[in-house]
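Q: The lines below spell out each chain.
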Amino acid sequence: MILVNVLIGLGLLVLLALTFAPLESLGWWAREGADEAAATVQELAAIDSGPDDSAYDGYVVYLSGIGAVGGDSVPPEELPLIQNLSSRLTRLKVIHDVFPYSVSNNGLTAQRPTAAVWRWVEKLRFKNPETLAGMLINARNAMQLFVCADRRYGPAYNVGTAQEVMRALRRHGYPMGSGLPVTLIGWSGGAQISIGAAWYLGMGGRIPLQVISVGGMMADDYGLDRIQKLWHLRGSKDPLEKLGGILFAGRWPHAVFSPWTNALKDGRIEIIDLGPMQHNVKDHYFDANSIAPDGRSYLQVTEDAIVAVLTGEPVKTVPLHSVPTRREVSA
Amino acid sequence: MGILEFLGAVGRVIVGVLGLDVGNADWIAQHPQRLGIAVAVAAIAGISTLLGDAVVIFFNRLRGWRFALTLALNGIGMVLLYLVQAAVIYVIGPLISGFDPGFTAVVTAVLLATAPLVFGVFVLVPYAGPAIAGFLHVWGMVALWVIVDVVFRIDHWTALWITLISWLCMQVLSRAFAVPIRWIGDWIWRLVSGQPSMITGSDLLSGHLFLPLGQRFDPEARS
Numbered sequence: 001m002i003l004v005n006v007l008i009g010l011g012l013l014v015l016l017a018l019t020f021a022p023l024e025s026l027g028w029w030a031r032e033g034a035d036e037a038a039a040t041v042q043e044l045a046a047i048d049s050g051p052d053d054s055a056y057d058g059y060v061v062y063l064s065g066i067g068a069v070g071g072d073s074v075p076p077e078e079l080p081l082i083q084n085l086s087s088r089l090t091r092l093k094v095i096h097d098v099f100p101y102s103v104s105n106n107g108l109t110a111q112r113p114t115a116a117v118w119r120w121v122e123k124l125r126f127k128n129p130e131t132l133a134g135m136l137i138n139a140r141n142a143m144q145l146f147v148c149a150d151r152r153y154g155p156a157y158n159v160g161t162a163q164e165v166m167r168a169l170r171r172h173g174y175p176m177g178s179g180l181p182v183t184l185i186g187w188s189g190g191a192q193i194s195i196g197a198a199w200y201l202g203m204g205g206r207i208p209l210q211v212i213s214v215g216g217m218m219a220d221d222y223g224l225d226r227i228q229k230l231w232h233l234r235g236s237k238d239p240l241e242k243l244g245g246i247l248f249a250g251r252w253p254h255a256v257f258s259p260w261t262n263a264l265k266d267g268r269i270e271i272i273d274l275g276p277m278q279h280n281v282k283d284h285y286f287d288a289n290s291i292a293p294d295g296r297s298y299l300q301v302t303e304d305a306i307v308a309v310l311t312g313e314p315v316k317t318v319p320l321h322s323v324p325t326r327r328e329v330s331a
Numbered sequence: 001m002g003i004l005e006f007l008g009a010v011g012r013v014i015v016g017v018l019g020l021d022v023g024n025a026d027w028i029a030q031h032p033q034r035l036g037i038a039v040a041v042a043a044i045a046g047i048s049t050l051l052g053d054a055v056v057i058f059f060n061r062l063r064g065w066r067f068a069l070t071l072a073l074n075g076i077g078m079v080l081l082y083l084v085q086a087a088v089i090y091v092i093g094p095l096i097s098g099f100d101p102g103f104t105a106v107v108t109a110v111l112l113a114t115a116p117l118v119f120g121v122f123v124l125v126p127y128a129g130p131a132i133a134g135f136l137h138v139w140g141m142v143a144l145w146v147i148v149d150v151v152f153r154i155d156h157w158t159a160l161w162i163t164l165i166s167w168l169c170m171q172v173l174s175r176a177f178a179v180p181i182r183w184i185g186d187w188i189w190r191l192v193s194g195q196p197s198m199i200t201g202s203d204l205l206s207g208h209l210f211l212p213l214g215q216r217f218d219p220e221a222r223s
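If you read the sequences in order, they're chains A and B.
Per the working numbering, the very first residue in the first sequence carries number 1; after that it's consecutive.
Per the working numbering, the very first residue in the second sequence carries number 1; after that it's consecutive.
Derived by calculation from the structure, the hints in this document are not laboratory data.
Please note: incorrect hints may appear among the correct ones.
Unchecked claim - Okay, the calculated bits of chain A under chain B, using three or more residues with CB under 8 Å as the criterion:
(1) 22-35
(2) 133-147
(3) 150-158
Note that the coordinates shown come from a computational prediction; the quantities given were computed from them, not determined experimentally.
For every residue, glycine included, the Cβ atom is placed at its ideal position computed from N, Cα and C.
Required output: the full structure, derived from the provided sequences and hints.
A: Below, the structure written as C-alpha cells:
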C-alpha cells in the first residue's frame with residue numbers, strides 16, 4: 001500500500017512538473033521573445049545571397065543530449081566526440097556552445113532562480129556521473145523536449161532555439177546568404193530540438209540544412225519539411241530512440257499528414273543502424289571502453305559514422321547482434 | 001452548514017462524480033445546498049480550465065487588468081455555455097422521459113458534470129495536453145450521463161439518449177451561430193487584448209474559449 005501511495009505521489013509530482021514545464025518558454029515569449037522572434041523571422045526570410053568569405057566549407061552545430069546544463073558545459077562523456085570531430089573535420093567549423101533546452105540559451109547554472117540547485121546537482125554529478133540527482137537534469141531537459149515537440153508551444157520554443165543557433169553561427173563567422181551548408185547534430189533530445197529549430201532556420205531556403213540524429217528521440221516535427229536530409233543513427237539496444245517512434249503518433253507507420261511520413265517517402269530520412277548500442281550507462285554511443293568486433297570503440301563507431309555522413313562516404317556499421325568486449329580501464 | 005462542512009461536501013461530490021458514483025448522485029440530489037455545491041464544483045473546474053487555457057494569454061502578452069479581465073470573461077463565457085447546455089437538456093429531457101425535474105435541478109446536474117475539469121490545468125502538459133483535454137471532455141460527458149440518469153429517474157439508455165442529443169444540439173448550435181458568436185467573441189477579445197482573436201464559434205461552444213487546441217500558433221504570421 002505504501003508503495004502504491006509513493007508511486008501515486010511520484011506520478012502527481014511528474015504531472016505537476018510537466019504542467020509547469022512550458023512556463024519558461026511562455027514567460028520568455030511574453031517578456032521579449034515575441035518581439036525578438038518577429039525580428040528574427042523577418043531576418044531569416046529576407047536573407048539575400050551574399051559572398052562566401054568563410055574559411056570553412058560548412059558549419060556543424062552540435063546540440064547536446066538531455067544531460068546538458070548549459071552551452072558552455074557539455075557533459076564529459078560527449079566531449080571526446082566533439083573534440084575528435086573538430087580535429088577530423090578541418091574543413092568544417094564545429095560549434096557546440098548552444099544550450100538546446102532553453103529558448104534564450106540560458107544554462108541551468110546561469111542566471112535563473114533555480115541556479116543554485118542545478119549547481120549542486122552538477123557538483124554531485126561531477127563527483128559521481130551516475131548519481132541519481134543527475135536524473136533531475138535529464139528530467140528537466142526531457143520535459144523541454146516535449147515542449148519543443150508540442151504543436152502549441154513548439155512554434156515559440158523553436159523560434160527561440162533557432163535564434164540561438166543563428167547567433168552561434170554568426171559568432172563563429174557563418175556568412176549569411178553564402179549558401180554554405182549547416183548541419184545540426186542532435187544527440188538524444190538534441191535531435192528533436194534540431195528539427196524543431198530547422199523550421200525557422202530553413203525559412204527562405206538560404207541556409208541549406210541537414211540534421212544528423214544520434215540516438216535521437218524525435219517527433220514528426222514540421223521542421224522536417226525544411227531540411228534537405230536527416231540521418232538517424234541508432235543503436236539496436238537503444239530503448240529511448242525506439243520510444244520516440246512509439247510516443248509520437250506522427251511517426252507511427254503510415255501516419256497520414258505527418259511530416260515524418262512525407263520525409264520518409266521523399267527519401268529525406270535515412271535510418272542507419274550503427275550497431276548494438278544502448279542509450280546510456282554502458283555500451284552507448286559515446287562509450288570508449290566498449291570495443292566492437294572490428295576493434296573500434298563504440299565512440300569511434302559513432303564518430304566514424306558522423307564523419308562518413310558529412311564527407312559523403314559509406315558508413316561503417318557494427319553487426320547488430322555482436323557482443324562488445326570491455327576495455328580495461330586503469331584506475 | 002459551516003464552511004468546512006461545505007468544502008467537505010464539495011470534495012465528496014467531486015470524488016463521487018469523478019468515480020461516476022450513482023449513490024453519490026442520489027445523495028447530492030437530496031442535499032439542501034446542492035446548487036451552491038454545484039456552483040463551487042463548477043467554479044473550481046472553471047479556474048483549473050482557465051489556468052490550463054492560459055497559454056493563449058501568454059502568447060498574447062496580456063498583463064494587469066487585461067489579464068484579469070480575460071480570465072473573468074473566460075469564466076463568464078463558461079457559465080453561459082453551461083447554462084445553454086442546461087437549457088437544451090431542460091427542453092429535451094422532459095420530452096423524452098416525461099418527467100420535469102425543474103430547471104434548477106438540471107442546471108445543478110450540468111454544473112456537477114464539470115467535475116472532471118478540475119484537472120483542466122493539466123491541459124498545459126506539453127504534447128499530451130490536447131489528449132488530456134479530449135479525455136476530460138469525454139469524462140465530463142459520461143459524468144453528465146450518470147447524473148441525467150438520476151435527475152430524470154430514467155434507465156441508462158434513455159439517459160444516454162438525452163446526453164447525446166444535448167451534445168448534438170450543442171454541436172448544431174455551435175455551427176449555426178458560429179458567425180455571430182465569433183463576431184462577438186472577436187469584438188470582446190480585440191477590446192481586451194488589442195489584437196485579432198484566434199477563436200472560432202465552435203471553440204467558444206466547446207469550452208476552449210481562448211484556446212483553439214488544434215490551431216498552430218505561428219510567429220511567422222507576425223512578420
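Q: Now, for every hint given, state plainly whether the structure supports it.
A: Here is what the structure says about each hint:
| no. | hint | verdict |
| --- | --- | --- |
| 1 | 22-35 | holds (count 6) |
| 2 | 133-147 | holds (count 3) |
| 3 | 150-158 | holds (count 6) |
Hint check: no violations occur; every hint is consistent with the structure.
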